[in-house]
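A.B. asks: This is what each chain is made of:
Number of protein chains: 2
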Amino acid sequence: MSEAAIETPKPYTVGMVLYPGMTFLDLVGPQTVLGLHGKTLLLWKSMEPVATETGNTVNPTTTFEECPDDLDVLFVPGGYGTNDAMKDEAVVDFLKRSGKTARYVTSVCSGSVLLGMAGLLDGYKAATHWACYGALAASGATPVHERVVIDRNRISGGGVTAGIDFGLQLLAELRGERTAKAAQLIIEYDPEPPFATGTPDKAGSEVIADAMGILGDMDDQMIATLNSRAVAA
Amino acid sequence: MSEAAIETPKPYTVGMVLYPGMTFLDLVGPQTVLGLHGKTLLLWKSMEPVATETGNTVNPTTTFEECPDDLDVLFVPGGYGTNDAMKDEAVVDFLKRSGKTARYVTSVCSGSVLLGMAGLLDGYKAATHWACYGALAASGATPVHERVVIDRNRISGGGVTAGIDFGLQLLAELRGERTAKAAQLIIEYDPEPPFATGTPDKAGSEVIADAMGILGDMDDQMIATLNSRAVAA
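Those protein sequence lines, which keep their order, are chains A and B.
Take the first sequence: its letter number 112 is residue 112 in my numbering, and every next letter is one higher.
Take the second sequence: its letter number 216 is residue 216 in my numbering, and every next letter is one higher.
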């Protein structure tokens, strides 16, 4: 009886783009939630291991070339490596191709800027990491300071941990609220952040300065990359 | 000036145990936070790729044999594979050895039961996934229904996403609150769970039944494994 609401006939497929220097939590949050009821492909241009931001490596399951055209969800994570990925033609070309046919085109964190680089957010509202609003606007999207933004078939999350909220909302879109509610219980998502510093508004100038000292000038670098695209076009 | 509080002379090392069928989010949450200011080793008995719960694979960085004796943090994630890991002598022996010398002995989710299996939680309070309280008690620990539990040098988190709260609290122990506050801002941890179903108390019986339909009888299986240890001893 209760199982009937959980089980559904057609499994969905989520294509998750890997790249060097991605923030792995951006991807593993949504993957853990969406992986409960569908297949998650880890996509890269080859089958070689890809190093995340922390230097650890993960193995792709599928190459861009072998990725099916009819993805239910195309997903792009963020990270310090986003700017380099934006300059990688193989990545951008794959996004352009797959973004045309995927049912949902999605991202978390600076992954939204990478979607924008591929022209996939022109005229769409989107979320991104709080330190990347400038680059997101330069990419053609309208940045929205919310944790999850849904605009037609574009669904995006804010920085890093927003991927969990994003994943649960996307699961609700794909499988209904009841399934998403059970997923939230399975991952025991009843957060108790130890500090009140999760957004710049709450964190205050000293904590922002500390964070920016680690984050660096990602936003400026991505804006420069987007501007060079405009010149080349 | 503000950088002085972030930068510290001695980097710490976190040894994170991998095993087949682990829930990768249990590990990647803490790793993302702790990896900002220290080294995270991914430990396994060989250098072969290890498959997570979703079937994707990650590569160890260090074998159990090569793992340094003086870890600052020993960490164990949970997952559907915990019960098999509890029966794996190489895993349990490594935990017994490393747990004696690590400065902090830590876990998230059903990883706490694996620590208990190695005798590392006898007489300690600990947290675990809400579906694993029975097995945690059978392992010799005193289960506490909180998101993060600190008892002397044992620090444990509840289910899956509790690893993020755990990671931030542990970073505060290792590097002070100011550093942890900046880490929380970097990962934009200002959660907005879409539903009020993050714990069994809040979720209600229908959602619990749906979740248990997916989780299965993990708790009973781990209790059986712990009982067979008692007989063998």
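Hints were generated in silico from the structure; no laboratory data involved.
Each hint should be verified, as a subset may be incorrect.
[As the list claims (entries may be wrong)] Cβ pair distances, simulated, as ranges:
(1) Lys125/A to Ala196/B: 22 to 30 Å
(2) Glu206/B to Ala196/A: 41 to 49 Å
(3) Gly216/A to Asn153/B: 28 to 36 Å
[Said to hold, decoys possible] Away from chain A, derived, C-beta distances all over 12 Å, residues of chain B:
(4) Thr23
(5) Cys109
(6) Asp217
[As the list claims (entries may be wrong)] Selected chain A positions facing chain B (Cβ under 8 Å, derived; list incomplete):
(7) Thr62
(8) Phe64
(9) Arg147
(10) Leu174
(11) Arg178
(12) Phe195
(13) Ala211
Since this is a predicted model, take the numbers as computed values, not measurements.
From the three backbone atoms N, C-alpha and C, an ideal C-beta is built for every residue, glycine too.
A.B. asks: So which of the earlier hints does this model not fit?
C.D. replies: Checked against the structure, the hints that fail are numbers 2, 4, 5, 7, 8 and 10, while the rest are satisfied.
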